[in-house]
Amino acid sequence: MRKVALPDYKSISGNRGAFCLHRIDGDIAHFEMLTFWGDVDAIMRLAGEDFQLAKYYDFDRAFLVELAPNVLHYTVYKE
Numbered sequence: 162m163r164k165v166a167l168p169d170y171k172s173i174s175g176n177r178g179a180f181c182l183h184r185i186d187g188d189i190a191h192f193e194m195l196t197f198w199g200d201v202d203a204i205m206r207l208a209g210e211d212f213q214l215a216k217y218y219d220f221d222r223a224f225l226v227e228l229a230p231n232v233l234h235y236t237v238y239k240e
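For the sequence shown, the positions run 162 to 240 when the working numbering is used.
One should not assume that every hint holds.
Subject to a maximum C-alpha distance of 30 Å in a straight line, what follows is the list of computed DSS-like cross-link-like pairs (lysine-lysine) [stated by the list, open to error]: (1) LYS239 <-> LYS171; (2) LYS239 <-> LYS216; (3) LYS164 <-> LYS216; (4) LYS216 <-> LYS171.
Have a look at the derived ranges for each label pair, beta carbon to beta carbon [unchecked claim]: (5) GLU210 <-> ILE185: 32 to 42 Å; (6) ASN231 <-> CYS181: 28 to 38 Å; (7) ASP219 <-> LYS239: 32 to 42 Å.
Please keep in mind that the hints were generated in silico from the structure rather than gathered at the bench.
Quantities reported herein were computed from a predicted structural model and do not represent experimental measurements.
All C-beta atoms, glycine included, are put in the ideal place defined by N, C-alpha and C.
Please model the entire structure based on the sequences and the hints provided.
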């Protein structure tokens with residue numbers, strides 16, 4: 162995550178931040194990627210036209226127990 166995914170996300174114009182969250186539960190590590198984007202166009206520069214599909218790297222299958230097919234998008238409201 163630190164060597165490939167986070168630098169990749171942060172290199173995209175419009176990225177406002179990228180974080181990798183993880184926790185250990187017994188012998189399994191759970192990971193969540195949390196990214197912030199200026200707009201949908203910025204997300205599409207990373208993910209492509211179908212920005213609802215999760216993006217995985219070639220080596221992810223060797224480490225992940227399951228690959229979620231889609232990502233969740235939220236709007237951040239800030240005062």
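Status of the hints after comparison with the structure:
For the hint linking LYS239 to LYS171, the alpha-carbon distance of about 21 Å falls within 30 Å, and the restraint holds. Using a Cα cut-off of 30 Å, the hinted pair LYS239 and LYS216 holds, with the two alpha carbons roughly 27 Å apart. This hinted pair checks out: LYS164 and LYS216 have alpha carbons roughly 16 Å apart, not beyond 30 Å. For the hint linking LYS216 to LYS171, the alpha-carbon distance of about 15 Å falls within 30 Å, and the restraint holds.
The supplied range of 32 to 42 Å is met by GLU210 and ILE185, whose beta-carbon atoms lie about 36 Å from each other. Between ASN231 and CYS181 the beta carbon distance is about 19 Å. The supplied range of 28 to 38 Å is therefore violated. For the hinted restraint 32 to 42 Å between ASP219 and LYS239, the CB-CB distance of approximately 36 Å keeps it satisfied.
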